[in-house]
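Listed in order, the protein sequences are those of chains E and Z.
Under the working numbering, the first residue of the first sequence carries the number 218, and numbering increases by one thereafter.
Under the working numbering, the first residue of the second sequence carries the number 7, and numbering increases by one thereafter.
Hints may contain errors.
[Claimed, not checked] Cut-off 30 Å, straight-line C-alpha distance, at most; resulting in silico cross-link-like pairs (BS3-like, lysine-lysine): (1) E/Lys259 x Z/Lys76; (2) Z/Lys110 x E/Lys274; (3) E/Lys300 x E/Lys259; (4) Z/Lys32 x Z/Lys76; (5) Z/Lys32 x E/Lys295; (6) E/Lys300 x Z/Lys76; (7) E/Lys259 x Z/Lys110; (8) E/Lys274 x E/Lys295; (9) Z/Lys75 x E/Lys295; (10) Z/Lys75 x E/Lys259; (11) Z/Lys62 x E/Lys259; (12) Z/Lys32 x E/Lys274.
Keep in mind that the hints were calculated from the coordinates and are not lab data.
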Amino acid sequence: EPEVTQTPSHQVTQMGQEVILRCVPISNHLYFYWYRQILGQKVEFLVSFYNNEISEKSEIFDDQFSVERPDGSNFTLKIRSTKLEDSAMYFCASSVSRHEQYFGPGTRLTVT
Amino acid sequence: SQQGEEDPQALSIQEGENATMNCSYKTSINNLQWYRQNSGRGLVHLILIRSNEREKHSGRLRVTLDTSKKSSSLLITASRAADTASYFCAISLMNRDDKIIFGKGTRLHILP
Chain E
218 EPEVTQTPSH QVTQMGQEVI LRCVPISNHL YFYWYRQILG QKVEFLVSFY NNEISEKSEI
278 FDDQFSVERP DGSNFTLKIR STKLEDSAMY FCASSVSRHE QYFGPGTRLT VT
Chain Z
7 SQQGEEDPQA LSIQEGENAT MNCSYKTSIN NLQWYRQNSG RGLVHLILIR SNEREKHSGR
67 LRVTLDTSKK SSSLLITASR AADTASYFCA ISLMNRDDKI IFGKGTRLHI LP
């Protein structure tokens with residue numbers, strides 16, 4: 218069964234460094250999303266992406282964040298200058314339509 | 007807040023018993039989904055129920071939706087140790103289904 222994959226599974230970075238989290242959505246999916254989950258808290262929407270542009274973003278998704286679909290398969294989330302509070306699990310999701318979203322296993326980001 | 011709110015926050019039952027988790031929300035929805043998350047792991051999609059549906063089954067899972075009460079329930083029958091996880095409801099808003107909004111989850115613990 219096709220699934221969303223994410224790399225790396227765990228990323229440790231120093232405060233102020235740039236990180237890129239990578240996702241490979243399911244191949245025939247058209248909508249792509251990033252969510253994050255701070256430890257012990259609920260999953261929060263960050264951004265949705267369709268037709269090579271952001272369709273919606275949350276207040277969390279400020280100028281430090283950007284997304285890109287550099288080729289036909291990858292979908293990336295970049296954090297330009299990481300802060301301690303960016304430490305969280307980051308989940309990528311994709312969907313055929315705007316309904317049932319399939320989530321990847323997540324990347325645990327630790328900012329020290 | 008528009009988010010789904012699960013009830014109870016935590017539930018411990020004996021293996022073999024049925025587990026019922028509830029979710030309430032405040033706005034009109036397109037659909038409602040239930041996800042499972044094992045500790046520190048990714049989100050596993052369980053069931054999607056659309057706003058015009060009242061009940062759906064998948065194996066030992068049964069989901070009901072009452073749009074008049076803005077509530078949903080997830081029933082797991084004949085629980086097993088492997089069902090120990092956190093369970094989240096997530097709503098897709100009417101006319102704004104670029105994102106889904108998660109509740110805080112119910113932590114289910116199946117006792118041997």
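Hints and how they fare:
1. E/Lys259 x Z/Lys76: holds (20 Å)
2. Z/Lys110 x E/Lys274: holds (20 Å)
3. E/Lys300 x E/Lys259: holds (19 Å)
4. Z/Lys32 x Z/Lys76: holds (7 Å)
5. Z/Lys32 x E/Lys295: violated (33 Å)
6. E/Lys300 x Z/Lys76: violated (38 Å)
7. E/Lys259 x Z/Lys110: holds (5 Å)
8. E/Lys274 x E/Lys295: Satisfied, since the Cα-Cα distance of roughly 14 Å is no more than 30 Å.
9. Z/Lys75 x E/Lys295: Outside the cut-off at roughly 41 Å; violated.
10. Z/Lys75 x E/Lys259: holds (23 Å)
11. Z/Lys62 x E/Lys259: Holds, at about 25 Å.
12. Z/Lys32 x E/Lys274: holds (21 Å)
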